[in-house]
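Peer 1: Whole structure, please, built from the sequences with the hints as guidance.
In terms of my numbering, the sequence shown opens at residue 687 and continues consecutively.
Just so you know, the hints here were simulated from the structure itself, not pulled from any lab data.
Hints may be right or wrong, so weigh each one.
Okay, the calculated beta carbon distance ranges per label pair [unchecked claim]:
#1 Lys914 with Gln816: 25 to 33 Å
#2 Ala901 with Ala989: 21 to 29 Å
#3 Lys973 with Pro851: 32 to 40 Å
#4 Ala901 with Leu768: 27 to 35 Å
#5 Asp703 with Asp792: 30 to 38 Å
#6 Lys997 with Ser737: 32 to 40 Å
#7 Glu977 with Gln816: 48 to 56 Å
#8 Asp764 with His990: 46 to 54 Å
#9 Pro711 with Ser993: 47 to 55 Å
#10 Leu955 with Glu893: 27 to 35 Å
#11 Arg765 with Leu1000: 49 to 57 Å
C-beta: ideal position from N, C-alpha, C; glycine also.
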Amino acid sequence: MSYKYSVSLGAFGLQRDRFCEYGEPRSLEERIKIATSIEGLDGISTAYRLSTDVDSLKETLAKYQLGFSHFTVDLSRDRRWLNGSLTSTDPDVRKAAVEHIKNCMDATKKMGGSLVNLCPMGDGYDYLFQTDYSKAWRWLIDGLKEACSYDPDVKIAIEYKKKEPRTHVFVSDVGKALYICEMVKAENLGVTVDFGHSLLAGENPAESICIAAQADRLFSVHLNDNFKDWDWDMLPASTNFWQFIEALISMVKVGYEGWIYMDIYPFRLDPVKAISQSIKNVKTFIKAIQEVEIEKVKLAMHAHDYSKALKMILEKSSFD
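Peer 2: Here you go:
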């Protein structure tokens, strides 16, 4: 199995946190041109906002012969989503959020894609006694039912996240994401397992990949890393190496066939060098994993023989 790799255009533009600015303000074409210099990169992703110029994006990607993996629906940065989008107490805001997802689905098809990444980070709460949980979850489920039924040919992948920008995001872990899929009961609704988000949720990403795939809901995989305290979007395998390797083994083992999205923001590093090296590393890891006699590794795993399973993996590895 040969994978395709993508990265966010945001990695090549101006970025801000509460303290500093990083990178440089660049036009769409400038950012795409920079992306073409990354070895091993097959395509890009970007946030879908009210201001997104789909025609310009499509034309520029075609000009530079770069692919497109997916849009991520932005339901947190616009002020209208300040107190929630799909779970807002204002029915007009909830309606606008569903329409925004539908518009993103249309834009995705126009781009030649078939996947929308949905990370409802603004849907949550900051304090106790602030929200009616039952109503919020019902609105969330009903909104996704409507969005999914709009175009069954476009998949929607829920990217769960524990916190940020709210202190508590409703869809905070893989279990809640799969619960929503079960309640919505739409074949085109699935889950994005983001390695860093999974760590932040206190999960083992390899396990999360397996149970999402077992439910036939593993629609997307995002790779990055962190110290399990915040969504730092660090370079893959830079901190949690062995958990990362096990996650890749699970991804290969379950037969994942989608894009691999490098969800990283190397603020203080050269983005071209950082992303190029990250893709090279991941490709090397996957090649080594694919060369392992995986059925024998699985037998060792089933026998709880950790040492033997790890030895077979390392014997085929060349992580240089």
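Peer 1: Confirm or reject the claim that Leu955 and Glu893 have a C-beta distance inside 27 to 35 Å.
Peer 2: Check passed, 30 Å falls within 27 to 35 Å.
Peer 1: Range first: 27 to 35 Å. Now tell me if the beta carbons of Ala901 and Leu768 are that far apart.
Peer 2: holds, 33 Å
Peer 1: Between Asp703 and Asp792, does the C-beta distance stay in 30 to 38 Å?
Peer 2: The hinted range 30 to 38 Å holds for Asp703 and Asp792, with Cβ atoms some 32 Å apart.
Peer 1: Against the range 48 to 56 Å, how does the distance between the Cβ atoms of Glu977 and Gln816 compare: consistent or not?
Peer 2: holds, 52 Å
Peer 1: Kindly confirm whether 21 to 29 Å is satisfied by the beta carbon distance between Ala901 and Ala989.
Peer 2: At roughly 26 Å between Cβ atoms, Ala989 and Ala901 fall inside 21 to 29 Å, so the hint holds.
Peer 1: Given a hinted range of 49 to 57 Å, is it respected by the beta-carbon distance of Arg765 and Leu1000?
Peer 2: holds, 51 Å
Peer 1: Should the hint that Lys997 and Ser737 are 32 to 40 Å apart at their CB atoms be regarded as holding?
Peer 2: violated, 53 Å
Peer 1: Just to be sure I understand the hint, the distance between the Cβ atoms of Lys973 and Pro851 should be within 32 to 40 Å; is that true here?
Peer 2: Between Lys973 and Pro851, where Cβ atoms are some 38 Å apart, the hint holds.
Peer 1: Cβ-Cβ distance between Pro711 and Ser993: within 47 to 55 Å?
Peer 2: holds, 52 Å
Peer 1: Has the hinted range 46 to 54 Å been met by the Cβ atoms of Asp764 and His990?
Peer 2: holds, 50 Å
Peer 1: Is 25 to 33 Å respected by the C-beta to C-beta distance linking Lys914 and Gln816?
Peer 2: About 26 Å separates the Cβ atoms of Lys914 and Gln816, which means 25 to 33 Å holds.
When each numbered hint is compared with the structure, a violation occurs for hint 6 only.
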